[in-house]
Amino acid sequence: MSRLQAEHLYKVFGRRPGEAVTRLKDGTTRDELRADGTTAAVVDASFDVDPGQIFVVMGLSGSGKSTLLRMLNGLLEPTAGRVLFDGQDLTALSARELRAVRSKKISMVFQHFALFPHRSVLENAAYGLEVQGVPREEREKRATEALEMTGLAGWEKSWPDELSGGMQQRVGLARALATDADLLLMDESFSALDPLIRRDMQDQLLELQKRLKKTIVFITHDLNEAMRLGDRIAVMRDGEIVQNGTAEDILINPADDYVASFTKDVDRTRVLTAASMMTDPHRPDAGSGCSCETVTPDTSFNDLCGVAARVPHPVAVKDTKGKLVGVVHQSRLVGFLGEYAEGPIACDAAPTKKAVASA
Amino acid sequence: MPRIPFGDWVNSTVDWLLDHMSWLFDILKTIFQGAYDGVYDVLSAPESLLMAGIFALIAWWLRSLLGGVLAFAGFSFIISLELWDHAMMTLSLVLVATVIALVISVPVGIWAARSNTVSSIVRPVLDLMQTLPAMVYLIPALLFFRMGAPAGIVATLVFALAPGVRMTELGIRQVDKELVEAAEAFGTSPRNTLLRVQLPLALPTIMAGVNQVIMLGLSMAALTGMVGAEGLGADVNQAIGQLDVGLGAEGGIAIVILAVFLDRITSGLGQQVSPLGRRALAKLRAARGVKLWNYQLQPVAALAGVLALALVAGGMGVFGGTSSPATASDAKNVGQGKKINIGYIPWDEGVASTFLWKEVLEQRGYDVTTSQLDAGPLYTSLAQGDVDFETDSWLPTTHAEYWKKYGKDLEDLGSWFGPTSLELSVPSYMKGIDSLDDLKGKSGTFDGKITGIEPSAGMMSILKDKVLKEYGLDKEYKVVDGSTPAMLAELKAAYAKKEPIVTTLWSPHWAYSDFDLKKLKDPKGAWGKGDGVHTLSRKGFSKENPTVGKWLKNFKMTEKQLTGLEAEINKAGKGKQQEAVQSWLKKNPDVVDKIAPLPKKSSGSGESKRPLNAAYFAWDENIAVVNLWKRVLADRGYKMNLTPSDVGPVYTGLAQGDLDINFDAWLPTTQKTYWEKNKANLKDLGSWYSPTSLEVAVPSYVKDVKTLADLKGKGSTFGGKIIGIEPGTGVMAALKDKVLPGYGLDKEYKIVSGSTPAMLTELKAAYAKKEPIAVLLWSPHWAYNEYKLTKLADPKVAFGAGDKIRTITSKNFPSQYPQLTQWIKNFKMSESELASLENEINKQGKGHEGDAVGTWLKGHPGYEDKMAPQ
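Quick mapping for you: the protein sequence lines, in order, are chains A and B. If you're matching positions, the first sequence starts at 20 in the numbering used here and goes up one per residue. If you're matching positions, the second sequence starts at 666 in the numbering used here and goes up one per residue.
Since the hints were made in silico from the structure, they are not lab data. Incorrect hints may have been included.
Claimed, not checked - Mimicking DSSO-like on lysine-lysine, the simulated pairs with C-alpha atoms at most 27 Å apart in a straight line are:
| hint | chain 1 | residue 1 | chain 2 | residue 2 |
| --- | --- | --- | --- | --- |
| 1 | B | K1403 | B | K1386 |
| 2 | B | K1415 | B | K1435 |
| 3 | A | K123 | B | K842 |
| 4 | B | K1096 | B | K1070 |
| 5 | B | K1403 | B | K1434 |
| 6 | A | K124 | B | K842 |
| 7 | A | K176 | B | K842 |
| 8 | B | K1189 | B | K1140 |
| 9 | B | K1184 | B | K1157 |
| 10 | B | K1183 | B | K1134 |
| 11 | A | K176 | B | K948 |
| 12 | B | K948 | B | K1070 |
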């Protein structure tokens, strides 16, 4: 069962939002609405997030991803649709019940850290617990643990303005982790950081996630980050989710040109694995009986290339039990580097435009 | 455009509020007064230097050692100015107003920060409160809160609320939205978001608002004196009323010291109370290092210090009262060095006249000592010959007992002041209260208050020091200081609502004709009504000292002189009476020679013994003629007291016999109504100048303009302007409503209203450059003597027929002053004579009228004898 479900979420800002939703459902476009002064920030967004999954929502600024995120913990009330958290409909809760859920089960990490400047690092990390009413001693213990987890042991007495950006966001992360919430909402949390530090933070998040197995919804406008972090990625455009899938899905089968244009700059070699390269193993030219090197579906593109160079025929992909699940042709590897996913064309066929362009 | 009766609406709203909401204002008043009294009691309890020490410790704690030292220096300065009590009153008022302002403004600011609707409603209200001229709401505040601290607090509040609200709203709105969102995301309730995130982060801004509230409150302090709130404001107000720049500056600088102290303290407090401020401070100190002068006292040490000082303060006044070394007599004199001992009772007029005589006699070469005594011992000493004379016997009433007992051993050298008629008055609807005795036990009815006037007025001290005590009302009633206009506003408010009120008043006063009032009978003669203030000497003094005896017999003071001298003495403070007299004499250089003339003439018939009370209007021709007569009559042995007054009171005063004479009755037209009303009790001694006229005048170098009709079509020559005088005067109305339309000039000319001096300045400037100018003038006027002007003929008589200036007197005047009556009936002045006299007086300036008359008389030999043939 999924931990978090969004069902046909709409968020419209402006006058008579309910009416606007009806019109949207009837096919009115967002631009037509905007002419009337109403803004549809999120249009019919639905998705499921499984426990322990990192679900990345990717989109350019103004695509509605932050609005979508704020509907997940009720900071914004959806104009239409439901948010189910562990089966509980958040949109049906009273303000007080909603606050209780937010304080215990959902925490949030912000783009600009949002640390309280009048509180020390420890007090910041303990904030969520303080709201819950946890006694001082216990909350300081748990906050200290959370700070240790994010690598900030020894900084408890410092003040936020004494820390670097990366360290501040670690405090933000510690604050979110200290409450033991199951669901972590991260709003462009690493976007304000330098690229190197951003990478560190991403690694640390993945590291922590291995241990903690939180359910995370992560907002970003950076596809590389999305690919690195996301178990699943939802791409948003103009308030709508245009594609929802794994990193490979999005790279290999972009839903439209918009998504495809995003994927252009992505370093495919870091994202693609043997699983997304392999083709049907029962083709006649599939090597089978030989004792050549084989790969697993998880093998990265870079490793795969090395293997393919050594093996005289297509590389066999075998699962952990040694069962052949597919093969990867060398020509296909080269094709992917050139963003060309189809197979070779016979010599006597007329060259396609695309082939010429690619050449 | 129809006239919108906005003013009427306001009036009826105020009336409605007075009728229906007075309970609310009464509650507020009680709260304000209680809070004010409480704070003042605390602030004024310790000895002033101790309190200054406590303030210094606070400054040390919140700022630095240097701050503490400066604070102590500043407050010591206030103490040395003898303004400490008043400074604490002002401080109390500002503190109470600030606390109330915060109680109101912080919640409103929070509300406005959370709701745009509230914000958009509150903002224009704040604009209104900040920009509405204070006078506009001060007087209504009086109607609701009556005179005293509450009205002052309200006035301060109205002015000072705005920054509190604005800064709170701004502070909260400025808090980073992401921080508020973060708080909400962790499930913080709105209330806790406010308390834990928004307010702490907005605190520096809010404290800046508090600071502004206090600063604006202090800047309002000067105005609160006008509504009877005691303190530095009253001092400044009083000083300005007396045109005493120095005293005003003292009060002003004390306010500034308070302001700077409070400003630094609140900003220091702002840093201490807000965690952010504390952090910034710690960082700064870490960066700069602690130096001696920016060393801050630790809170614990500061608290301990304050406690210790407060304990000492509570224990007993260690420093004691400031002792005043009694000024001993100067020995060794150039003159005869004859010893004279003057005794005095420490009442204002006694002190003033005694030290005046001390100074005068010392200037004349006597060796004078003074002894301060109570009334009884004074008479005893006088009878025994230990004291030579005293100047403060209230006879025949107040001191009748003493006179009966010691009279045979004393000599009465006559009255030098009076008769006075001061009284307490109540509206006539106050049944059963006819005399001061009736006030007893009725303090509940009057709320325990007697509405007074300027604390500087002599009658206030008589009331407080004598009348209330005499009638045993001093415990029951409190005299509220304020101002004459405020007292009258209070009277009017109470009168309109038929509420009980008792006010200090004096006769003559226009209030008696406007309101139906009862003068409270004064059977004990506590006011000295009918009394003169007499000089008594030991028997044989005037025989042994004939010169001094004669001087004392002829000694007279006007109320103006006396109150002026008293004010001077009060200002100088105890122990400096003689210095005060000296500085007063510097301002009144002719007094010494007048009261102690070097042996010369002294003539006059019997009627000259009675001083003449002449009232005059502050119009040029009246100032001229009354000073001329004063001078001439003085030479003939008469004494003339001059009182500036207004038309209504003059006629009333004359009719009641309180005034003797007025030289400036414009009849039969201008003052017709007054004359008709009072003529049964007045006498007309005939006209000394005629005819008067109102006119438009142009310089004679403006050719071709001889009549008003000639102005037509010449608008461009005169810039389309006729320079007028004060708006609202009858002349201006006549010009606007009759003259200009009458000659068809109303489209072409605009009347510039301003003031008489402004008009004359304009005329002078234009005349010097030979520019065309048309001014509103009247005859007689000295301008005709100074410049060559053409009075524009008025063939249509649009300005009305000219009046004659007549002399009118009280009914009994001719029988009291037969000689004078004859002189005045024969008195005539020509236009050029009057104009040149006015001219001379204007040239020599205010305060030198007597000298101007002297100069003028020198240029008109024989004039004096023509006026008063001997």
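Broken hints, numbered, in rising order? Going through the list in order, the structure violates hints 4, 5 and 12 and respects the others.
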